[in-house]
Every structure is written in structure tokens, then in C-alpha cells.
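Peer 1: Chain X: place on chain F using the hints.
Below, each chain spelled out in residue letters.
Protein chains: 2
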Amino acid sequence: MKVEYINPFIASTVCVFDTMLGCQLTRKDPYLKGGTQPEHEISGIIGLSGKAKGTVVLSLSREAALKAAEAMLGEPTDDVDADVIDAVGELTNMIAGGAKAYLEHLEMNLSIPNVITGKGHTVEFPRQATPICIPFDCPWGLITVEFGLVEQPAAAML
Amino acid sequence: MKVEYINPFIASTVCVFDTMLGCQLTRKDPYLKGGTQPEHEISGIIGLSGKAKGTVVLSLSREAALKAAEAMLGEPTDDVDADVIDAVGELTNMIAGGAKAYLEHLEMNLSIPNVITGKGHTVEFPRQATPICIPFDCPWGLITVEFGLVEQPAAAML
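Residue numbers (the working numbering), protein chains in the order written: chain F, 1 to 158; chain X, 159 to 316.
Everything labelled a hint here was simulated from the structure, so no lab data went into it. Watch out, some of these pointers could steer you wrong.
Stated by the list, open to error - Under the rule of at most 20 Å between Cα atoms (straight-line distance), these lysine to aspartate or glutamate pairs were calculated in the EDC-like manner: (1) F:51 with X:262; (2) X:209 with F:104; (3) F:119 with F:81; (4) F:33 with X:239; (5) F:51 with X:265; (6) F:67 with F:41.
Same shape as in the complex, but just chain F (with noise of 0.2 Å):
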């Protein structure tokens, strides 16, 4: 995978949190993701496809799912409820929507966000698109924006 496509997921990710949760993120040092590593608690996730297809994934602790959701629609909530899962959902569209417009060249377009719960869940990717895990330091503890992307041959698109 491009380094260069790293950037875009950092740049969105930030600008996201920045002017939708008004919570700012210090970048910490992307890496390749091996082997079977357990998430957060809480992981939102979207698929991307066009000239390039691939996933996008959010994870988060509960505890930061529940004060990005407070940011976001401005009540306080101590439930993972269906406003919170459609908060972390929302904010997963954002930051992969965000990464998207980046990479105009690509031609994505998005699917619809889903939201795992569930303690030690793992997200698995096909080995053929080995994710970068992105981790970010915020006032709500570590969070970690991983993707995917894989090139389509010109011949895919036809």
C-alpha cells in the first residue's frame, strides 16, 4: 500500500475530531498491523470502493465512544445506546469521507457505516490488504483510525 495514502486518513481523522467533537488528537506513529491484535471495545467500520477498494475502521474505548457521542449531540449519555452507535457510525463516515475527497484520483465512494460492539472483538482484513493502524492521544484516551486499500487492475473496472 502507498505511503501517501496515509496522510489523507490522518489529516481527516484530525480535522473530524477537531471540528465535530471539538477534541484535539495527537498523532502518534502509524504501523503496519500484524496478526490478530484486540481492538477497543467499540469499533466503527466502512467499506471503500471504486479504482481502489477497502475499509476503514474506528476504534474507540467506551468510555471515549460515550464523550465523542456527548460532543456530538451535546447530552450527556453513560449507555452505549443507538445514539452512540450512531454517533461512532457517523464519525467513521466522516473521517473515511473525509480521506475520499484526499483521494480524489481513486474514485470511491463509501458504504454504509456498521458499529461492532463487543470486548476483545478483533477486525480481521484479507491478507492481501495488510491495514496501517493510525493510533491518536486525545483527553479521552487512545484511539485508532486502521485502513485498508487495495489498487484495482484497469482491467477490474470495466
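Peer 2: For chain X alone, kept in the frame of chain F given last:
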């Protein structure tokens, strides 16, 4: 969501399990999924985008995933390793690909399949995409295919 979207997913799932795994599925009654319900232990998930966008989720018990991988790869395995993950992802990809072919007028493309593992995990859909859940019985136990599709307004396609 239109009722005529259901049959393509049923037909595709039955065909993929029959031709790829030699496994005959018996369809049970589809239902609208409501609220948070635990899935099986392993879920393949893939996004669709085009004139409609959405997600397909294939949920399997651990045992069914191992049996499916064995049928696909020709070798027994007793651990959910990278081969089993790839087999479940590829099955999900083929089910979505078959349904996409039946729903040609929606001009959808697939993202890449991801596989979620973890006891008691749930996959939530956005509120505007209430998924239809199709259970199937087979010698390996119950498997389910869920899909949610949202048609895009013509303006969004420009």
C-alpha cells in the same frame, strides 16, 4: 427496503454454500433485525456502494467457520487461523458478489471483506438501514446472512 432485494441474497448464499462447500442450506424465515442482538462468534462483513449502498454480514459459529474452511481448503483445521479468516472473508465476498450480480440495476461495487471475531460481539447498522436477517439451517448448525441497503437519491450520484 424493498422486499425484492431479499431473494438475490437468499439465492446467492444457497448457491455459494452449495458450489463452494458442497453444503446444502435450508432457508428459514427472514425477519427485520431489531435492537442489539448477539451474533455468532465469527462475522464476515463487506460493504456495497453504487445506486444503493449497504452492508452484507455472514455470521457463523466457530464450528461452522472451521467446517466451511475445511470444505473450501480441503484440510481440517481446529483453530481460527489466518486461513479460516480468509475463507470466511472470501465466502462473504462471493455471497455479496452474487447478490450484486442479481441486482445489476443498482450498479454496486464491493469493498473488501473483513472478518470480526469475538464471543458476544454485535454488528449494528445505522438506523436508516434496518437490516434483514436471513437464517439458514445446515449440518454445521445455524448460519445467518444479514444485509441492509439504502437506495441513493439520484442527486447523490452526480
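Peer 1: Determine for every hint whether it applies to the structure shown.
Peer 2: To see whether the hints hold, each was checked on the structure:
1. F:51 with X:262: Status holds; Cα separation ~19 Å.
2. X:209 with F:104: Holds, at roughly 19 Å.
3. F:119 with F:81: Cα-Cα ~16 Å, so holds.
4. F:33 with X:239: holds, 16 Å
5. F:51 with X:265: holds, 15 Å
6. F:67 with F:41: Holds, at about 14 Å.
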